[in-house]
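J.: Sequence:
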Amino acid sequence: MSAPKRRLQALVVDDEAAIRRFLRSTLVAEDFDVKEAGSVAEARTAIKDAVYDLAVLDLGLPDGNGADLMQELGSSGAPAIIVLSALDDETRKVSALDGGADDFVSKPFGVPEFMARVRAALRHRLQMQGGAPIFDDGRLSVDLVRRIVRVDGADPKLTPREYALLHELVTHAGKVLTHRQLLKAWLSGEADVQALRVHIRHVRQKIEIAPDRPRYVTTEPGVGYRFTG
1448 MSAPKRRLQA LVVDDEAAIR RFLRSTLVAE DFDVKEAGSV AEARTAIKDA VYDLAVLDLG
1508 LPDGNGADLM QELGSSGAPA IIVLSALDDE TRKVSALDGG ADDFVSKPFG VPEFMARVRA
1568 ALRHRLQMQG GAPIFDDGRL SVDLVRRIVR VDGADPKLTP REYALLHELV THAGKVLTHR
1628 QLLKAWLSGE ADVQALRVHI RHVRQKIEIA PDRPRYVTTE PGVGYRFTG
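Per the numbering used here, the very first residue in the sequence shown carries number 1448; after that it's consecutive.
Since the hints were derived computationally from the structure, they do not count as laboratory data.
All values reported here derive from a predicted model rather than from experimental measurement.
One or more hints might be untrue.
Claimed, not checked - Only pairs whose alpha carbons sit at most 27 angstroms apart, straight line, appear in this in silico BS3-like list of lysine-lysine:
(1) Lys-1554 <-> Lys-1482
(2) Lys-1631 <-> Lys-1604
(3) Lys-1554 <-> Lys-1604
(4) Lys-1482 <-> Lys-1495
(5) Lys-1653 <-> Lys-1631
Unchecked claim - Cβ-Cβ distance ranges computed for the label pairs, FRET-style:
(6) Ile-1595 <-> Arg-1468: 46 to 54 angstroms
(7) Val-1592 <-> Asp-1659: 30 to 38 angstroms
(8) Leu-1591 <-> Gln-1641: 22 to 30 angstroms
(9) Arg-1594 <-> Glu-1477: 32 to 40 angstroms
(10) Ala-1563 <-> Arg-1468: 29 to 37 angstroms
(11) Asp-1590 <-> Glu-1477: 27 to 35 angstroms
(12) Gly-1511 <-> Arg-1454: 39 to 47 angstroms
(13) Ala-1533 <-> Arg-1468: 16 to 24 angstroms
(14) Gly-1511 <-> Asp-1602: 44 to 52 angstroms
All C-beta atoms in this analysis are idealised placements derived from N, C-alpha and C, irrespective of residue type, glycine included.
Kindly generate the complete structure, drawing on both the sequences and the hints.
T.: As structure tokens, then:
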């Protein structure tokens, strides 16, 4: 007889009880065990008591910023991290993503959007642990080991900088990479966000079916880009 499958462990940190109940019911329906916290202090207690696969953190808490918990979560097992934020809170979104969050969901949000973000964040964490070397959907293939890109079997002739940018995005497939993260990983200090946008446009022109309606490299306005293949 096989051992029972381990239920994923989730920590939900939000000061609004209604949102905690909504997230709990959503995650329990997806076979998570859920622990709730309404403040930074309560979350710190919960972090000491367990190791989590997923953490959902509200950025605005009565006794601090949910993003302050990310380092502590990382030291306790590196869960996938989704931050909750207001629609117009771009500065804190970027700060949280730069600090290690996998994704964000803007309030208000629905179940399909939230669970799509959760699944992508969990996939990203598993991919980073396992180091999947190839993306291939039948049209676009990116071999991160041999450094080969094919679009419909042909070489799209990416420049070294364009390849480096695509490599970084594919390596972190599903995760939002901020402008700062991409510039730090991809280029030396002389580049800026405008240069990044130009190179993103060139990559899209070479790999997308419709560059003005990208399928692979999508924009998170005011934040950065994500590979969604």
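J.: Which hint numbers does the structure go against, in order from smallest to largest?
T.: 3, 10, 12
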